[in-house]
Amino acid sequence: MTGDSAVRKKILLTCILFLFWVIFTATLALYDLVLGAVSSALVAVLTVALLGRALDPRITPMVLLRLPVFMVRLIWEIVKANYDVAKIILNPRLPIDPRIVEYRTYLPDDLPRTVFSDSITLTPGTVTVELTGDMLNVHCLCPYHQEGLAGLERLVAWLFGVKKEGPARGAQETAFAAEGGAGSLTAGRPERGGEV
Amino acid sequence: MMDDFLTVIALIISLNAVICLYRAAVGPTTQDRVLGVNIVGTKALVVVVLVTFIQTESFFLDVALVYALLLFVVTVAVSRYLEAEGWKEVA
Amino acid sequence: MKNLLALLFIAALAALLLYVVANMPPMGDPENPTATHVIPRYLEGAEEETHTVNVITGIILNYRGYDTMGEVTVIFTALAAALAVLGRERRGRIYAYVDRSGVPSSVIVRTMVRFLVPLIVLFSVYTILHGEISPGGGFQGGAIIGGSMIVFTTIFGLYESSRRIPQKVRFPLEGAAVMVFFLVGVLGMVGGGDFLTYAWPKAAAALHPALVTWLTVLVEIGIGLGGAMVLTSILFCMIREEEEIAVVA
Amino acid sequence: MAKDIVAGALCCVGTFFFLLGTTGLLRMPDVFTRLHPSTKCDTLGACSIIIGMAVHSGWSWELPKLVIIACFLLLSSATCGHAIGRSALRRDIPYWRKKTGEVEGGDGS
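Residue numbers (our numbering), protein chains in the order written: chain A, 4 to 199; chain B, 260 to 350; chain C, -8 to 240; chain D, 113 to 221.
Bound conformation, chain A alone (with noise of 0.2 Å):
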């Protein structure tokens, strides 16, 4: 990360937080105001310090914009197919025939596949058990619920803007905790104050 683009994203950072305070306070007070804006800024730093980075590099403006449309046909899915499982649940016979499938994504980073995961827990009738590099173990609870997997990886790229051609790959490399956390203490450590 260069210099320059690390310092816009921690205002970024910053002005995100301060719209946090702003609700949080609920108030236009001036003394507020400052006071929201230095701890915003407060935060950032040492939240820098602490995971090694401001902002995830796939969040950006153009993302945040397309967020509020995301939500809302995220949240026309979840009660669409909400309605699905009120049937299964409220059918006496319980007609449920769990498996566990994988699903490879092209989704590149951490942070696209952890939305979609999430997606899929959301949506009802599949659950996102385990997440091991571009493979979703998914819990379906009826064979039919993983057709609707594909649906929502669209969504997700739509979100990030990713093309389903060209996965940049080359990310993968620099998240070292990624595969590690504790377990990789033994295999290789990052320098001082690199990202978590």
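Derived from the structure by calculation, the hints contain no laboratory data. Just to be clear, a hint being listed does not mean it is correct.
[What the hints assert, rightly or not] Simulated crosslink set (DMTMM-like; lysine to aspartate or glutamate; CA at most 20 Å straight-line):
1) D:Lys210 to D:Asp142
2) A:Lys90 to A:Asp137
3) D:Lys210 to A:Asp137
4) A:Lys166 to A:Asp59
5) A:Lys12 to A:Asp59
6) A:Lys166 to A:Asp137
7) D:Lys210 to A:Asp100
8) A:Lys90 to A:Glu80
9) D:Lys115 to B:Asp262
10) A:Lys13 to A:Asp59
11) A:Lys90 to A:Asp100
12) D:Lys115 to B:Asp263
13) A:Lys166 to A:Asp113
14) A:Lys83 to A:Glu150
15) A:Lys90 to D:Asp142
[Unchecked claim] With beta-carbon atoms standing in for the labels, derived distance ranges:
16) B:Tyr281 to A:Asp137: 38 to 44 Å
17) C:Val160 to B:Ile278: 27 to 33 Å
18) C:Glu38 to A:Val75: 43 to 49 Å
19) D:Trp173 to A:Pro64: 24 to 30 Å
The beta-carbon is built from N, C-alpha and C at its ideal position, and this holds for glycine as well.
With chain A fixed as given, assemble chains B, C and D onto it according to the hints.
This is chains B, C and D only, laid out in the frame that chain A set:
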């Protein structure tokens, strides 16, 4: 009128939470218990939100927010502990 | 037999308690002894005497300042006890919680925690700084920061966590609660009053009337930081195993 | 008045989904299947009650806070469901299959 309605809703949800405690108490696996506690927590959170509007005290929303944060922290930390530890299951 | 005795004992205790409860003054009665002596004074005088809008904070930090100072010391003592039993990590060494199962934490959870930690910390800062005008305050905010540190440590491991919150940061801040409380108390003495009267020295007090509020806020910040760091340190003590994995030069 | 009706309807929907989630939690045969009603029906129930309250409060400072709580609940319950499911998978808790109708070893990993 609206307050009474909200109180009734809050009562139904509380009863619901008590039923969910069955899952938290009986299990059979530890993950079931964590799930039960998580659900009871979600319901308590909603009850706090309802109480905010029954009593028209907006600061209860902060309490609800803290509750949501703690719920997340608890569930994630306990699941991490369960999956990582060389820990024997007591079924 | 033993069970029966226990049951009888509990039944007797319950009867006694019920009898006592039945004889208590009615709840919320304005004639209650608790409501006639101290509370009117608190409710009427708190705002101008303690300069806090939230009366509870005024009571906790000002009227009952000595009590709170004692409680803060108790938190500090808890850390001291944990350290006495489990031992402080030695300077210049990095310890790790060794995860023998070799299961890395989930990518999803990790991304989510990374995303949420700034928000949690911001919320706790809000809780601490707005303690004097809304519910919350140092203890609560410190506990929220402590919670975020707990989730950070369990997900990313003690190695990462203790490297990013090193001992040389935690060590001075652990005492922050007691120190700030004491300093503000002494400031009151310098200002010509008694210990813990929350007064600036005359020259400083003349600058701006709102400065007085900041003494309370200062104590809240101290309690928050101190509490958070004490919680983090106790957590580190508890989950550490006696395996040193690196020596930092 | 219309505001109250919408809010009340949303509350009723939310309570219905809560009841549904509880039913699912009690009826489902194993921990993986129990995750489904808990992560979805409960989230939808909670969100719809919270949105109902947002409608009830109208344009005030409570509205954005409620929206934040709802969004946070969406994120956290999805992540929590995943975390619980993953820990169950990692602990090799067997999952329920229809074929034999009884519990057998997990082959999902």
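Hints versus structure:
no.	hint	result
1	D:Lys210 to D:Asp142	holds (12 Å)
2	A:Lys90 to A:Asp137	violated (32 Å)
3	D:Lys210 to A:Asp137	violated (28 Å)
4	A:Lys166 to A:Asp59	holds (19 Å)
5	A:Lys12 to A:Asp59	holds (9 Å)
6	A:Lys166 to A:Asp137	holds (15 Å)
7	D:Lys210 to A:Asp100	holds (5 Å)
8	A:Lys90 to A:Glu80	holds (16 Å)
9	D:Lys115 to B:Asp262	holds (14 Å)
10	A:Lys13 to A:Asp59	holds (11 Å)
11	A:Lys90 to A:Asp100	holds (14 Å)
12	D:Lys115 to B:Asp263	holds (16 Å)
13	A:Lys166 to A:Asp113	holds (16 Å)
14	A:Lys83 to A:Glu150	holds (14 Å)
15	A:Lys90 to D:Asp142	holds (19 Å)
16	B:Tyr281 to A:Asp137: 38 to 44 Å	holds (39 Å)
17	C:Val160 to B:Ile278: 27 to 33 Å	violated (46 Å)
18	C:Glu38 to A:Val75: 43 to 49 Å	holds (46 Å)
19	D:Trp173 to A:Pro64: 24 to 30 Å	holds (26 Å)
Consistency with the previously given hints fails for numbers 2, 3 and 17, ordered from lowest to highest.
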